Amino acid sequence: MPITWAQALTWRMRRQLLEPIGSESVAQVVRRLGAVSSMDEALAELAVRTRRTTSEPGELASALVDGEVVKAFAFRGSMQYLSPEDGGAYLAVRCAGRQWELPSWVEFYELAPEDWPAFRATVREALSDGPLTINELGDAVTRHRRYRNLKPVFEDGAGTLIKPLTWQGDMGFGPPRGRRHTFQRLDANPRWKGVWELDEAGPHVLERYLRIYGPATYDHLHHYYGSNLAAPKKLLKAWIAQVEHRMVEVDVEGEPHYVMDDDLDALMATKPAKAVRFLPGHDQWVMAPGTQDIHITPASRRDPVTRKANLVVAGGVVCGTWSARGGDLTVTWFEEAGRVPRKAIAEEAARIDRILGRDLELSIVVGSSA
Numbered sequence: 013m014p015i016t017w018a019q020a021l022t023w024r025m026r027r028q029l030l031e032p033i034g035s036e037s038v039a040q041v042v043r044r045l046g047a048v049s050s051m052d053e054a055l056a057e058l059a060v061r062t063r064r065t066t067s068e069p070g071e072l073a074s075a076l077v078d079g080e081v082v083k084a085f086a087f088r089g090s091m092q093y094l095s096p097e098d099g100g101a102y103l104a105v106r107c108a109g110r111q112w113e114l115p116s117w118v119e120f121y122e123l124a125p126e127d128w129p130a131f132r133a134t135v136r137e138a139l140s141d142g143p144l145t146i147n148e149l150g151d152a153v154t155r156h157r158r159y160r161n162l163k164p165v166f167e168d169g170a171g172t173l174i175k176p177l178t179w180q181g182d183m184g185f186g187p188p189r190g191r192r193h194t195f196q197r198l199d200a201n202p203r204w205k206g207v208w209e210l211d212e213a214g215p216h217v218l219e220r221y222l223r224i225y226g227p228a229t230y231d232h233l234h235h236y237y238g239s240n241l242a243a244p245k246k247l248l249k250a251w252i253a254q255v256e257h258r259m260v261e262v263d264v265e266g267e268p269h270y271v272m273d274d275d276l277d278a279l280m281a282t283k284p285a286k287a288v289r290f291l292p293g294h295d296q297w298v299m300a301p302g303t304q305d306i307h308i309t310p311a312s313r314r315d316p317v318t319r320k321a322n323l324v325v326a327g328g329v330v331c332g333t334w335s336a337r338g339g340d341l342t343v344t345w346f347e348e349a350g351r352v353p354r355k356a357i358a359e360e361a362a363r364i365d366r367i368l369g370r371d372l373e374l375s376i377v378v379g380s381s382a
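Residue numbers (the working numbering): 13 to 382.
Simulated from the structure, these hints should not be mistaken for laboratory data.
Below, in silico cross-link-like pairs of lysine-lysine (BS3-like), each with a Cα-Cα straight-line distance of 25 angstroms or less: (1) K175 - K320; (2) K286 - K355; (3) K245 - K175; (4) K286 - K320; (5) K246 - K175; (6) K283 - K355; (7) K175 - K163; (8) K175 - K205.
Estimated spans, in silico, between C-beta atoms of each pair: (9) A54 - S116: 31 to 37 angstroms; (10) R160 - Q111: 21 to 27 angstroms; (11) E348 - P14: 24 to 30 angstroms.
From a predicted model like this one, the values you see are computed outputs, not experimental measurements.
Each residue gets a CB set at the ideal place from its N, CA and C atoms; glycine is no exception.
Please build the complete structure, drawing on both the sequences and the hints.
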């Protein structure tokens with residue numbers, strides 16, 4: 013069943029609400045993507061808004077306040093927006109490595125594996141009256157004699173210690189206070205479905221990846237869940253084995269890739285599109301398959317992608333970058349990407365103008381991605 017890369021990427025753009033642009037809510041966009049990086053809030057909001065036909069500034073932050081999305085440490089230990097309904101599946105996978113039980117952790121924090129249930133309960137109790145900053149949380153926790161040794165850890169930000177508390181679903185990020193993060197109990201959110209059982213979560217997230225980021229290879233699955241969520245290889249192989257009977261192989265220009273069997277007809281019927289889209293830096297479009305995937309990020313264009321440049325994609329392939337400074341919107345089209353689709357760029361630039369609420373003067377330059 014051969015298909016072209018143009019077909020494969022067009023189908024993937026449709027699945028990721030990029031062609032056509034979706035009408036789903038903020039929460040539905042986050043759920044569709046599985047996770048949205050929030051290391052840079054402006055980029056996180058733009059990742060959601062570029063996938064919606066109508067949107068408003070601040071809508072992602074409002075969705076967090078309303079409990080429509082949650083935020084926790086997840087992929088690669090960084091902050092992610094997740095769905096309260098199935099975000100717990102991704103966290104279950106993140107927990108599978110049980111990093112907090114490593115000897116180095118036990119020695120440094122003086123918390124043995126059997127100490128964690130009580131420690132987690134203390135954290136949840138401290139958050140019972142509402143969100144706290146990390147310093148406030150540290151003050152509450154270290155009032156307990158058992159945890160006084162952790163006072164310097166909390167004073168230093170407790171960046172590593174608190175990650176397993178979000179992985180295990182004890183807490184997530186709350187609304188910020190100015191520039192300070194706050195944390196709140198996840199189980200206070202009625203939409204929160206908890207951290208899933210691992211044997212259910214593993215196959216679920218693999219299937220979700222194939223439905224949203226497919227056609228994909230086994231290497232893609234190992235990158236996304238092994239490298240990004242630290243899923244143990246043995247477990248990952250077992251989860252793949254549980255899903256394999258519903259996976260079907262497709263030939264994408266001579267390379268074997270996989271999709272879920274009930275997605276095959278839609279994939280095969282897809283007609284290639286040349287849609288041009290402006291995406292924020294580190295968007296899931298490029299990060300989920302990995303920047304080494306040359307069919308989306310050609311090797312010569314990898315550097316700006318990894319440096320978090322805002323990206324111009326055409327037909328799903330990274331072909332340039334864009335930036336908005338002052339009253340100017342500058343598109344740099346990579347010379348090796350071929351003919352400049354000026355009309356499509358102008359149409360997408362107008363859409364970005366509306367999203368940003370600015371009247372920007374577009375200029376297109378042709379340059380090298382190297």
